[in-house]
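Trainee: Keeping the supplied structure of chain A fixed, place chain B upon it in accordance with the hints.
Chains as they are written, first to last, in my numbering: chain A, 1 to 146; chain B, 1001 to 1124.
Heads up, some of the hints might be wrong.
Label-pair ranges, simulated between beta-carbon atoms [stated by the list, open to error]:
| # | chain 1 | residue 1 | chain 2 | residue 2 | range |
| --- | --- | --- | --- | --- | --- |
| 1 | A | Leu10 | B | Gly1121 | 29 to 39 Å |
| 2 | A | Arg104 | B | Glu1044 | 40 to 50 Å |
| 3 | A | Met23 | B | Lys1055 | 20 to 30 Å |
| 4 | B | Pro1046 | A | Asn97 | 44 to 54 Å |
| 5 | B | Asp1034 | A | Ala22 | 24 to 34 Å |
| 6 | B | Ile1107 | A | Pro89 | 27 to 37 Å |
| 7 | B | Glu1020 | A | Gly118 | 43 to 53 Å |
| 8 | A | Pro13 | B | Gln1089 | 21 to 31 Å |
| 9 | A | Thr63 | B | Tyr1033 | 35 to 45 Å |
| 10 | B | Glu1119 | A | Ile78 | 16 to 26 Å |
Covered stretches of chain B (in silico footprint by chain A; criterion: 3 or more residues with CB under 8 Å from a CB of chain A, positions within the stretch not fixed) [to be verified]:
| # | stretch |
| --- | --- |
| 11 | 1010 to 1019 |
| 12 | 1025 to 1039 |
| 13 | 1114 to 1124 |
Examples of chain A residues lying across from chain B (beta carbon under 7 Å, computed) [as the list claims (entries may be wrong)]:
| # | residue |
| --- | --- |
| 14 | Pro43 |
| 15 | Ala44 |
| 16 | Thr55 |
| 17 | Leu59 |
| 18 | Gly108 |
| 19 | Leu110 |
| 20 | Asp113 |
Derived by calculation from the structure, the hints in this document are not laboratory data. From the three backbone atoms N, C-alpha and C, an ideal C-beta is built for every residue, glycine too.
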Amino acid sequence: MNDITSPYHLRPPIMTVKVEDAMDIMIVRDTARRAASLLGFSPARRAQLSTAAATLAELVLKTGDSHLIHLNGVIDGIKVGLQISSETPWLAGVSINNVMVALRSKLGDLVDDIQVVGKEPPKIFMHVWLNEVRNFGDEDDDDVQS
Amino acid sequence: MALEVLLVEDSKTQAAQIKETLESVGLRVRVAYDGPEGIKDAIENPPALVVLDVKLPTMDGFQVCRRLKRNPITQDIPVIMLTEKSGPQATMSGLRAGADDYIPKDIFASEHLISTLQELGILE
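Chain A on its own, in the form it takes in the complex (with noise of 0.2 Å):
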């Protein structure tokens, strides 16, 4: 099992889940609503970072591998959050601009921010911070029947 990590200090809740097949991206979704409750994220909230954690793992399942995705609290400064993050081995050789280009397009504003570090293998790590007031906008009342 590969270390937990992180660029900020660690706290609980730590929960680790394998990915290896489709039923593990529900299990991902439900985990990290139950790590996000435990810090104390709304609702809302829970389901903005339900949604990356779910988005990760469906990515890292489409590898063909077995992944570890951690759900963990990090602290900030005064700032707690939730981390969602796991070794991308299939990573290694790209860009890191390229890979932060296709996260962010793929999560838009799921996720306060993304890094990706190191580079045996490289670790995706997304955070969500609970302190921040996130205005999600406005949309028109004409979109399009999705």
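Mentor: Positioned in the frame of chain A, the structure of chain B alone reads:
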């Protein structure tokens, strides 16, 4: 007296399942089968909570949610979107529309729904 929930869901099978979950925790449930019917129902008789599907005929759940959140009569009613659309864009669309939670219809949906009802103060 039990709090009343308005469920907006076009599938009668899924409506029956969600209704059963909500009634199992002591809530009363009335069902609207499309968006305009749901909005009209919410305005005429404001419920304690709206549980809203996304894929609806005539008007999708995002539009329904926005209209509820812009109407002074219904803007303070919590809205939980319960949906098969679970991707990042759909989630953000639901939250931007003003939903108080966005729950995918998976095996954990009932548990998450009840947990959110407790969080929102609908259940003790």
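Trainee: Against each hint, give a clear statement of whether it holds in the structure.
Mentor: Hints, one by one, checked against the model:
Between A:Leu10 and B:Gly1121 the CB atoms are about 32 Å apart, so this pair conforms to the stated range of 29 to 39 Å. Between A:Arg104 and B:Glu1044 the beta carbons are some 44 Å apart, a value that agrees with the proposed interval 40 to 50 Å. Between A:Met23 and B:Lys1055 the C-beta distance comes to about 23 Å, which sits within the given range of 20 to 30 Å. Between B:Pro1046 and A:Asn97 the Cβ separation comes to about 50 Å, which falls inside the hinted range of 44 to 54 Å.
Evaluation of the 24 to 34 Å hint for B:Asp1034 and A:Ala22 yields a pass: the beta carbon distance comes to about 31 Å. In this structure, B:Ile1107 and A:Pro89 meet the distance hint of 27 to 37 Å, their C-beta atoms being roughly 30 Å apart. As the Cβ distance of B:Glu1020 to A:Gly118 is approximately 49 Å, the hint placing it in 43 to 53 Å holds. At about 28 Å, the CB distance of A:Pro13 to B:Gln1089 agrees with the hint of 21 to 31 Å.
The given range of 35 to 45 Å is respected by A:Thr63 and B:Tyr1033, whose C-beta atoms sit roughly 42 Å from each other. For the hinted restraint 16 to 26 Å between B:Glu1119 and A:Ile78, the CB-CB distance of approximately 24 Å keeps it satisfied. Judged by the Cβ-Cβ criterion of 8 Å, the stretch 1010 to 1019 of chain B is not covered by chain A as claimed, because only 0 of its residues qualify and three are needed. For the stretch 1025 to 1039 of chain B, the stated coverage by chain A is violated: 0 residues have a C-beta nearer than 8 Å to a C-beta of that chain, whereas at least 3 were required.
Given as covered by chain A, the stretch 1114 to 1124 of chain B passes the check, having 4 residues with a CB less than 8 Å from a CB of that chain where 3 are the minimum. For A:Pro43, the shortest C-beta to C-beta distance to chain B is roughly 4 Å, which falls under 7 Å, so the interface hint holds. Given the 7 Å rule on beta carbons, the hint for A:Ala44 holds: about 5 Å separates it from the nearest Cβ of chain B. For A:Thr55, the interface hint holds, since its Cβ comes within 7 Å of a Cβ in chain B; the closest pair sits about 6 Å apart.
Of the supplied interface hints, the one on A:Leu59 is violated, with its beta-carbon coming no nearer than about 11 Å to a beta-carbon of chain B, more than 7 Å. Restraint check, A:Gly108 versus chain B: the minimum CB separation of about 6 Å is within 7 Å; hint holds. Nearest Cβ of chain B to the Cβ of A:Leu110: about 5 Å, under the 7 Å cut. The hint holds. With 7 Å as the threshold, the beta carbon of A:Asp113 stays out of range of chain B, its nearest partner Cβ sitting at about 16 Å, so the hint is violated.
Of the numbered hints listed earlier, those contradicted by the structure are 11, 12, 17 and 20.
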